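Chains as they are written, first to last, in the working numbering: chain A, 111 to 225; chain B, 3 to 115.
Rather than coming from a laboratory, the hints here were simulated on the basis of the structure.
The model shown is predicted, which means the values in this text are computed figures rather than measured ones.
Misleading hints may appear alongside valid ones.
[Stated by the list, open to error] Quick partial rundown of chain A residues pointing at chain B, CB under 10 angstroms, derived from the structure:
#	residue
1	D119
2	L158
3	T162
4	Y171
5	S196
6	G218
[Claimed, not checked] Selected chain A positions facing chain B (in silico; Cβ < 7 angstroms):
#	residue
7	Y142
8	L154
9	F156
10	L198
11	R211
We put the beta carbon where it would ideally sit given N, CA and C, even for glycine.
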Amino acid sequence: AQSVAQPEDQVNVAEGNPLTVKCTYSVSGNPYLFWYVQYPNRGLQFLLKYITGDNLVKGSYGFEAEFNKSQTSFHLKKPSALVSDSALYFCAVRGKDTGRRALTFGSGTRLQVQP
Amino acid sequence: DGGITQSPKYLFRKEGQNVTLSCEQNLNHDAMYWYRQDPGQGLRLIYYSQIVNDFQKGDIAEGYSVSREKKESFPLTVTSAQKNPTAFYLCASSLGLAPNEQFFGPGTRLTVL
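Next up, chain A with everything else stripped away, as it sits in the complex:
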């Protein structure tokens, strides 16, 4: 079975400060990992993904994520938050070698950036 945990329902950060949104996963073998963002009443938008190789992945809008195999984590980060980054963020996983052929999403973390 594969699963994703986003331990924080909400993260609050001041504009200009660094932000981190946490994600841990559980799969058999190696994972494909994704981050998506959702603005109110909209579909999800792809931010970045980890397939293999460099553990630091850079994505859209200045976001990046670090894959840590030993801690089974894939935390989303940004050096300087913007008010416009306020949205709902989802982490997702699929095991490379498992029978399940679709992504499993976390429950989401709401990011609130205060001006």
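Go by the hints and put chain B onto chain A.
For chain B alone, coordinates are given in the frame of chain A:
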């Protein structure tokens, strides 16, 4: 949301009625997906299809049905057997299964009156 459309944006259904949600994509993607989103529960997979005329149940398929007669279209029917259908429904497509990223439509909000 470009390239994948869902209609209608809002849908109201009386109890006991079947309703069909439309999903169309012009991205030439092989794979398509339906998700249900409820507050605090993230996205849950209802059905997915890797190619035309083939589809697989997801985690919460009971009370739902789909068809994939054309590559561009993947309609979802919410049947009267679905006991709690009020939710936000999202359709997505991708070139293939992961690691290909999914592109999402704008969603349909279904409310049962």
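Each hint tested on the structure:
1. D119: holds, 7 angstroms
2. L158: Cβ of L158/A sits 9 angstroms from chain B, so the hint holds.
3. T162: Since chain B brings a Cβ to about 9 angstroms from T162/A, closer than 10 angstroms, the hint holds.
4. Y171: At about 15 angstroms, which exceeds the 10 angstroms cut-off, the nearest Cβ of chain B leaves the hint on Y171/A violated.
5. S196: violated, 17 angstroms
6. G218: holds, 5 angstroms
7. Y142: This interface hint holds because 4 angstroms falls under the 7 angstroms limit.
8. L154: holds, 4 angstroms
9. F156: Given a least distance of 4 angstroms, the restraint on F156/A holds.
10. L198: violated, 9 angstroms
11. R211: holds, 5 angstroms
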